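S.K.: Residue numbers (my numbering), protein chains in the order written: chain R, 1 to 342; chain L, 1 to 358; chain B, 1 to 361; chain V, 1 to 505.
Hints were generated in silico from the structure; no laboratory data involved.
Hints should not be assumed to be uniformly reliable.
Stated by the list, open to error - Below are the BS3-like pairs computed for lysine-lysine, each with C-alpha atoms no more than 25 Å apart in a straight line:
1) 202/L - 228/L
2) 323/B - 201/R
3) 150/B - 42/L
4) 150/B - 249/L
5) 305/L - 91/R
6) 320/L - 150/B
7) 397/V - 201/R
8) 49/L - 150/B
9) 15/L - 49/L
The structure presented is a predicted model; accordingly, all values stated were derived computationally and were not measured.
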Amino acid sequence: MSNNANGLNLRFLRSWEGLLTLILVIVVLLNIRLSPFFLHGDNLINLFGVSIEKIIVALTMTFIIINGEIDLSVASVMGLAASFMAWLTDKGMAFPTALLFGLLIGLVCGLINGFLIAYLELPSLVVTLAGLIAYRGVARILLEDRSFTGIPPWYNDLGTQPFLGPLPLALVIFFVLFAVAIVVLHFSAFGRYVFVIGNNKDAARMSGVQVRRIKMMLFIASSLVAALAGLLYVSRLGAVRASIAEGFELDIITIVLLGGVSIFGGTGTLVGVGLSILLILSLRNGMSLAGVTGNTQNSIIGLILILSVLIPNLAQQANQTWKRREYVSRPKEQSITRESLP
Amino acid sequence: RAQSADPIKATKGKKIDMVLLPKFLGIIVFDQANQGAQEAHKELGNTGKLEFLGPTADNSVAGQIEIIKAATTRGVNAIMISNNAGDQLVPAAKDALAKGMKVVSWDSPIAPDGENLFVSQVDFGALGKTMADMVLDIIGPNGGEWAFLSASPDAANQNAWIAATKEALKDPKYAKLKLVDVVYGNDKPEDSYKAAQGLVDKYPNLKLIMAPTSVGAPAASKFVQDEKLCDKVKVSGLAVPSEMLSYTKNGCAPEFALWSFVDLGYLTYYTTYMLAAGDIKGTEGETFAAGRMGNYTIEKDPGRKGGLRIVMGPFTIYNKDNVEAAAGGPAPAATMAATMSGTMSATMAATMSATKAK
Amino acid sequence: MSISSTPRRPALRLERLRELSLVIIIFAVLFFFGTQVESYFNPRFFRTVTTGVMIIVVVVVGETLVMLTRNIDLSVGSIVGFTAYVVGRMVADNNSLDPVILILLAIGLGALLGLINGLLVSYGRIPAIVVTLGTLALYRGILVEFSGAKSVTTATLPNWINELGQINLFSLGPLDFRVLIVPAIVVVILFQLVLSFLPYGRRLYAIGSNPEAARFAGMPARRIVMIAYVLCGALSGLAGFMFLARFGNLTVVAAQGLELQVVAAAVVGGVSTLGGSGTMIGALLGAVLIEVIGDSLIRLRISEFWKDASLGLFILLAVASDKVIVGRVRDLALRNRRRAEVIPSQVPPSPAVQEGSAHVQ
Amino acid sequence: MNAARLTLEMRGISKRFDATQALDNVSLQLYAGEVHTLLGENGAGKSTLIKIMTGVHPPDQGEILLDGQPIRIENTAQAQLHGIAAIYQEPMTFPDLNVAENIFISHQGRGGLVNWRNMYRDAEAILTKLGVKMDVHRQARGLTLAAQQTVEIAKAISLKVRVLIMDEPTASLSAHEVLQLFNLVKTLREQGVAILFISHRMDEVFQISERITIFRDGKLISSAPAAQVTPQSAIRDMVGREMGSFFVKDKGERGKLLLSVKNLAKEGVFSNINFEIYQGEVLGFAGLVGAGRTDVALALFGATPATSGEIIFDGQPVTIRTPHQATQLGIAYVTEDRRGQGLVMPMSIAANMSLPMLRRYLNPLGLIRRGEERKTAEDYRKQLSIRAESIRLQANKLSGGNQQKVVLGKWLNTNPRLLILDEPTRGIDVGAKAEIHSIINRLAQQGMAIMLISSDLPEVLAMSDRLLVMREGRQMGIFNRENATQENIITSAMGRANEPETALA
Ligand SMILES: Nc1ncnc2c1ncn2[C@@H]1O[C@H](COP(=O)(O)OP(=O)(O)OP(=O)(O)O)[C@@H](O)[C@H]1O
Ligand SMILES: Nc1ncnc2c1ncn2[C@@H]1O[C@H](COP(=O)(O)OP(=O)(O)OP(=O)(O)O)[C@@H](O)[C@H]1O
Ligand SMILES: [Mg+2]
Ligand SMILES: [Mg+2]
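Using the sequences and the accompanying hints, generate a full structural model.
M.R.: What follows is the structure in structure tokens.
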């Protein structure tokens, strides 16, 4: 748990983030040993490149989860923004204008989610699950079974060619957003409110915090960023289908949770999420290079996800049991699961 | 196929690292393709590696891209792709081509500028006509309503076959066949089962479900059988004989078709190996010998502008007469009772009459 | 605002209210589609809904047990797929396997997978969502790895399994009740009774309601949570068998994504993700509501491409109207009685304190 | 009393939390049939000792003996097996369970079925004995703090216990409920239960205790039969110095009218509330638990807005629909429920203090100036003598009384025009209480309008310029300082003289 106001502090670094760093170092060393290609500049960019859209959305997802909510609709919003943009272009709209409208539809989705969650106080899980189905459905209505390939080459180049130095545009955007997110979440009033609400919504409201407004803003931001990521995805793929980005939400949420953000809200840091991004991406990259793909790759990530929490927990538990032994001899311990503690 | 008098032969024993990339893992037909590729791998004495790498079903598009990217980075010599990502694979595939890799698509093609060539299991136009014929054959000359149960709206090959079928339906002899809907079963038995259920609920007069997917066809058959509707609604499509045996025998799915995926994997491997070994250039008109499968010629793909293909050829129509024999395993095409080539009409008619004779 | 001095009968409990509201919404949906679709109410539709919902219902009962404790099980889809496939392969290899043994195997296998989840969550102290996201991938991965991508097909299954899905238990007029819905009904009733009348059930609520207080009250919370996972796994195993019997043809991706449908049904049915509230009846109604909407939309003859958008919209509408109905009725109820009364009693303090009276028979 | 049998003994207990030595080699004996009271300043270690007794915390050192036998208590279940039960300082109810279940949840063993009918019946019986009538079918969610406390008491006495520990059970109860509770305690005592009692209310302590033990800074200072202790000596032992006199409220200058409330009502909760508050005035609110005082405050603060009536603030009619609006107007509300609504527990003291006034701590870029924030927190730590190693400490690591001080500090820092204090001294030790009273006094002198809700009758009587009495959601009257006597208030709060409850007065 965190001491400091917005949850960024040294003690935390010594535990969760420290652990992530350790695992990350191990994984990177293994990757370097096992694959001569890992350290190639191309590969390092690739490492981010293949998941860049997911990690961009992971940033806003961090805010949402710390706030005690969840947004399952992000991948569908990505798909809808891309499909809407494609549909408009297909209908003859100028491409840059269509891009703007792609963002706009993200805004609309955010408004819908935000209104239902913040003002009607429906559970975000249900609202965004319905959104996941519905927004994807709208994308389907727009593109049906067609594939849209009328992306202008300059836009396609944005996604595939270096933009700044060796970095493609999406990666530049990610780094900028990451920096902004850190400042906002850990140093600004807005970020403080996000934590406060995630910890104790009642206390926040009773302290004059405008809980609804903050929630509304978060869901709008989440959908907007998702729309942006969807459009960036198009620039990388060069084509749009209604199914674009399907199923990304689970990967995005996994990244955030592995970053040490509690699903019940109130705790977590972007440093942790950053480390978790590096860890998962290096793992995936390393395994892909080693020819481990598909379900096996997922299984290994799942296993690491579990072990990374289990091992320190067991160590701590053993330590505690040992301590208790010093004054009692019956070793039966009874307590409740950690995550269920408020 | 088999046009040039002097087909090019493969240089055996080279070291060529290859990746066989299916749409996703966990479906029998792709494993059969892998079987065929491994067979060719041994036969050609490739000292390099053949890896069978695929994404998960729920992450197919992004997963395919990731695998292509990783293969490119690792400097694999050639990659064989069954595209499940529409045009979205193109940038990654182009990248691979630019790095000097050979990219061959099979089963489901990529856009022409993202590949060297496409190993087509059948001529798509012919397949469309065959499906139309099967519909006509099963629901009879009086016609009626029928629908497609496809895998997903994003599967390039499925879409192409459906389009080809619609094209074929323009022939007046199919005038009474009314295609009412296309629904999708996501290549999952339970979704396909429910999609079939939805079709029957939606169209009370439905006479046939055409499922050009190896997962959809048995699932749809199971549904009509469960609902005791086999007399009313028939199932047809593209399916693996061993999975259709009982439905074909009890009349729920009187007729369906398939080619051998083992052969497809074998041929794809052969083609790709020769391309990467420099035996063939991958240009139109080249004819080469693909081991046990005989000779093939690279030709223009009529369905895809600027695309090249080779057509594997024979596929089989299965009915109650031949399904049992085939069900033992995916038998090579040669042993089948009725085989068809790209321009099949004669054999087709023969099969038809065989069915009608009953 | 006078205060009655006689003890009040329990007014409409919140949980009953939710259930009632769901029933109203289900009828509203049925009514709406009844006016839109010709011969909407036919026996086939009844069968479609009942058979469509039965597997989800069995799983959602297990999920509810877990969710009540403020935990979650996202691996249920993988457990259902795993058991369905493994049991399917077993019986395909040995067609003479006894049905009872087969079902017990399915349940046992599910329970085992649930036990792994439970141990990791309660004794490993790993957040439930992390554990089950992990095992979601892990169980599926193991299945894909060891199956060799072969499918289970009806051709290889013994006849009794293939026919199980078609056996009619009884018919009520034109309505057929298929035998496979029996486990669903039994499971819902049984576990609703567990929740209402067994101390174990009440403790699930207590733990989810206030974990810290549960600890302070000396409840064996770890064991209780673990058992919930084992039960959830076992029920998923049973559902796996039902899955096999219903679909017959299985690939290794069987039941993938089921977890979302299950969680959706539970949450729509009023089971809180924050634990402590929800009932089996509610979860059942949630599952039925979603199934009815989905099945009805198909009947509308809208294009395949419009299906999902409408489904999402309808779910939202249903949840929003549920919220409104529950809110309204509760306001009314509150208005009619005074709030939480802590009123000085007229009874003089009596000297004897009743000791440790037991409420457990 | 000499014949009393030693039931539970704690020997040489020490406990350290990070930098805080919460307990330092303390020993304590509980005798059967005796009420033993623990006294000490906020953060002296009282609650920690209790948590060690019930197995919530393991001690670093020391041993526990029951009937002379050393026992191991590793968790609350084991403590219960030994017959040790506790009412904790903060109520531990299950919001989703109903009142009856909350009372009996610990009884439900593993086997058998829950018999709801008997459970409701018995729950009603126990509550009746406690002198409260509560709908036992009602969910515990939304119960007032006092009601939760009552449920906790009912829960503890329903268990068959040998040792009953009560950590500030009376903090939010009014005189009437306290009396009922003490009657129950007396019967338990007669049955031979050993009782450990904690309270900061001196009059109660001397009314009920047989033995008084005093802690300071985690150390045991004195332990003696109650007869040998006087309030003065007790306070001296607790605080380490002599304390001045008790409450003082200067007759301040009454400024201009700030707030006037007309016919305020909330359907089913309260109705027809009319009062005015002037600047520089302290308006007290008295009443029994559940009289609706908190509800009126919540309506004024916009947390649960009133359904009808008029609020005129500073000459303007206003509608307050959210706490945010209220804070914008300059209204502050110190909640009675510090855990639920007052504090963001895992956050630091500093972050909690700055929360309502965060915009004051922003630099032009909208970033928080941590230095300023800490400075403020540091100031209030000194002023309110908050016992914490650092203002970076998480709020949940503070003792109950110190948490209360943080909540107070947080709102004092907003420098409001109208300050609503709801049980501001709940759980606060005598020394700090006097400090808070003098702060209230000073703020009033500076022209702040203060609404003081308190169940501690001597406190409201001493601190208020005028006193509004409520009963069951109705305003019974407003008393001036002159005619606000203890008897008047109690009579008014309990209902008219012809009603049977007056028997108590
Ligand atoms: N979990 C904890 N972590 C760190 N410090 C703690 C923890 N619990 C208590 N403390 C510290 O231990 C000391 C004793 O606290 P305790 O709660 O026992 O005080 P108390 O005597 O009950 O005070 P009060 O009258 O305010 O309730 C305090 O300084 C407190 O900050
Ligand atoms: N039935 C109820 N449902 C929800 N909340 C309730 C209900 N009854 C009371 N409350 C809440 O309880 C709190 C305070 O109630 P109330 O005004 O009765 O207490 P009070 O008169 O201040 O008594 P106390 O002496 O306990 O402070 C408020 O938060 C109020 O909204
Ligand atoms: Mg205390
Ligand atoms: Mg109050």
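S.K.: Indicate, hint by hint, whether the structure satisfies it.
M.R.: These are the hints, each one checked on the structure:
1. Only pairs whose Cα atoms come within 25 Å are accepted, and residue 202/L paired with residue 228/L is accepted, the gap being roughly 17 Å.
2. With a C-alpha separation of about 20 Å, the suggested pairing of residue 323/B with residue 201/R holds against the 25 Å cut-off.
3. Distance hint between residue 150/B and residue 42/L is fulfilled; the C-alpha atoms sit about 23 Å from each other, no more than 25 Å.
4. Pair hint residue 150/B plus residue 249/L holds up; C-alpha atoms about 22 Å apart against a cutoff of 25 Å.
5. Proximity of residue 305/L to residue 91/R is assessed by CA-CA distance (about 23 Å); at most 25 Å being required, the pair is judged to hold.
6. Between residue 320/L and residue 150/B the CA atoms are separated by roughly 23 Å; this keeps the pair inside 25 Å, and the hint holds.
7. Simply put, residue 397/V and residue 201/R have alpha-carbon atoms about 20 Å apart, close enough for the 25 Å limit, and the pair holds.
8. Distance hint between residue 49/L and residue 150/B is fulfilled; the C-alpha atoms sit about 24 Å from each other, no more than 25 Å.
9. With a C-alpha separation of about 8 Å, the suggested pair residue 15/L and residue 49/L falls inside the 25 Å cut-off, and the hint holds.
In summary, the structure agrees with every hint in the numbered list given earlier.
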